[in-house]
Structure formats: structure tokens, C-alpha cells
Amino acid sequence: MNEKLPPIYNFPPLYTCQPNVLIREQQLSTWCDLILDFAKTNSVWCMSQEGTVVKDSESSGQSIFRNESIQRSVTAPFRDQIWNKMVQSEKAIKSNNGVYFILWRSVDYWSSQILQWFETTGKLNQVMTVYELLEGDETLGWEFHGMHPSLCEESLQRLRDRGRATLLKEQNKIMGVKVV
Amino acid sequence: MGQKGSKIEVTKTDKAILQIKLSKDELHRYTRRTEILIRRERESLKALLREDPKNGKKNPRARVLLKKIHYQNHLLEQAADQLINLENLVSTVEFKLVEQQFMMGLKQGNEVLTKLNKEFTGAEDLMDSVADQIAYQDEVDQILSSSVVGGFEEELDRELQQLDQEVNGPVHAPANAEPKLPSTEGLPTLPGPEPEPEEPQKETQGSERQREAVLT
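If you're matching them up, the sequences are chains A and B in order. Residue numbering for the first sequence follows my numbering, starting at 1 and increasing by one per position. Residue numbering for the second sequence follows my numbering, starting at 1 and increasing by one per position.
Hints may contain errors.
[As the list claims (entries may be wrong)] Quick list of in silico lysine-lysine cross-link-like pairs, DSSO-like style, CA-CA up to 30 Å:
no., chain 1, residue 1, chain 2, residue 2
1, B, Lys107, A, Lys173
2, B, Lys118, B, Lys107
3, B, Lys12, A, Lys55
4, B, Lys118, A, Lys123
5, B, Lys12, A, Lys123
6, A, Lys173, B, Lys118
7, A, Lys123, B, Lys96
Hints listed in this document are in silico derivations from the structure and should not be mistaken for laboratory results. These figures come from a predicted structure and were not determined experimentally.
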């Protein structure tokens, strides 16, 4: 995975927690940028604490925190620090089951994208299921296609708070949405 | 914010559509799963043939795999058909909703129209009455105008003639009424103006008259 990442990814000191506070801040923000960059280029929505990509509640692939080519990896405590930084700077959301949603775009951005889709395709005032919105053929080519349902729910909640959407629940799970 | 109070209504049809769409999603998911399954089975079949090129064709496992693939393909087709059916159903329901709106609009329009038309129920009587009034008006006009023509007009004429006589004297006056012009007798004859070329006839007539005048 390192060929898609900037050269700093192969810089060995990046993998060791730096004692100097200022340098560590810089190091943490570099890690945040790396994760965001990685998520954006690979359309990754969800990552585990270990740094692997989570898809369909199965983590797969290699951890971003492990770089085989220079034989380095980030220790668990330092990973926590990185994730904390991510959450603090609103670049990630920690979900209930311990995975992180990577916000390479803000939730507001997603909600407005979804709203825009509803408006441009004339789907206003019609019921759409979340699955349809994320996996259906009609959203192919939109950035939010393939988004993690929980993240989508988060975005839809924003739309609801703005009075533009109603969420339809089925067995206590948000299944559908109606946008006006 | 103020918008929070106005909750978007979720009707029964919305819920029904949601149900249809959920089953549609389920079919969609199934289609994807089956596609992946078929791809995997095909790959394993290929691998089987590659491993054992001589006896691969006779291998019962290969036959079973191929059968399986065919069966899955069959199911996939069925699923696609059902998917289309469900999509059509959703479209139909959505179109019906539009039609419902259309009917509502029609109904309301009709109501307004009947209400307005009700206000016109007295129209015939009104028009009759108006016609009566117009006829009466005509009658009155006629009476009034005829009364003027009958007595008054003649009297007016007479009075006018009387005034005329008073001012202009008796009727036989007209002979003397011509204004007296100073006589041309005794005046020296003017040298006749040269006849102008533009109106020669008129001029000659004029000079003849002059000559006559001179002769008398």
C-alpha cells in the first residue's frame, strides 16, 4: 500500500513516538493526513483500530500502521494517540464496535451531497432505502456510493435536523429516507 | 431551529413503498451474492481443469460445478426478472400517487366551479328582468321622443319663421336683398389686362364680359 502514499510514509522515525511535544504534534498530524489520503484514494470508509480496512464488518488487508518495506510498525499506545487526534480534529468518528469512520470529507459535506443527489435526480418526496442510496445503480459515480451505512445514517440525521428529511425505521433500524 | 416543528409526514403509502423497496434491495443483494458465487465457482472449475488437463473433463466434481453454475445462472435470471417486476411495481405506485394528486386537483377544481356556477342560478331570471327593463326603457324613450315630435316641433318651426320675418322683413323681399354694389357707369375704362397664358379661356370670357360692360 505504500506506493500510493507520500514518501514520508517510508520515513522510519515516523513510526516511533517522538518525545518532543512539538515534533510529536507534527508527527500526529502527518499520520492524520496519511490516513485521510489513504482513505480518499482507496474510498475507504471504515478502519479498525489496528489500521486495517473494514468492509462488511470484516477487516481485511494490511494495516496502514505496518510498513513492511522498512520493517517498521506503530505500537498500540501510539496508535491510540493517532486515533485520538483523528477524532479530536473531527476527521474520524469512533463507532460503537470499536471501528473508526474516516471522514475524508466532513459529515456536512456528505449530507449536502446526498441532498444534491436527491435534488438532481428528482427523487424528492419519494421513499428511498439506505441500501438503494449507497449500493443502487442510481448513485453510481457519486462520491457517497458505497458509503458505510452508519456514516450515511449520520449524514441523514443532519438532513433531518435541517428539516429536509424523514428517516423511516423498520425494526428499530433506519432503513429508508424521504427527502423533501 | 423553527423548522424542527414541521415534521415531514410519512403516509401509509410511503411505508408500503419502503417495504417493496426493502424486498427489492434484498433481491439486489442476492443478485450480487450469486454473481460473486458464480465467478468463484467458474474460477475453481477452471483451476480444476488446469490442474488435471487429461482427466479434468471426466472428473465428476467438474460436472457438478458446471451444473451448479448453470443452476445459479438460472436463479440469477429469475431474480433479475423479479427485480424488474418490483421496480415496475414501485414505478406504478409512484405514478398512481401522482394520479391521486391529479384527481384531487380535478375534484377541487370541480368543487370551485360548481360553487361559482351556483351563484349563476338566478341568471335566467336576471336576464329576463334585464330584458324587460330594456324594453320598458325603449318604451319610455319612444313616448318621450314622440311627445316632443308631436306638438313642440311645429310650434318651434312657426316661432322661428315669425322671428325670421321680423328680422328679414316680408317674404317677397329677396329681389332687393342683394347688396347694392356701386355702379360701374361713368368710370373710365381700365386698360384690359393682357390675357395670361395659363388661363386663356377664362381670361377671354372675362374680357368679353368687360367688353359687354363697356358696351352697355
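Going through the hints against the structure:
no., hint, result
1, B/Lys107 / A/Lys173, "violated, 39 Å"
2, B/Lys118 / B/Lys107, "holds, 16 Å"
3, B/Lys12 / A/Lys55, "violated, 35 Å"
4, B/Lys118 / A/Lys123, "violated, 42 Å"
5, B/Lys12 / A/Lys123, "holds, 18 Å"
6, A/Lys173 / B/Lys118, "violated, 54 Å"
7, A/Lys123 / B/Lys96, "holds, 16 Å"
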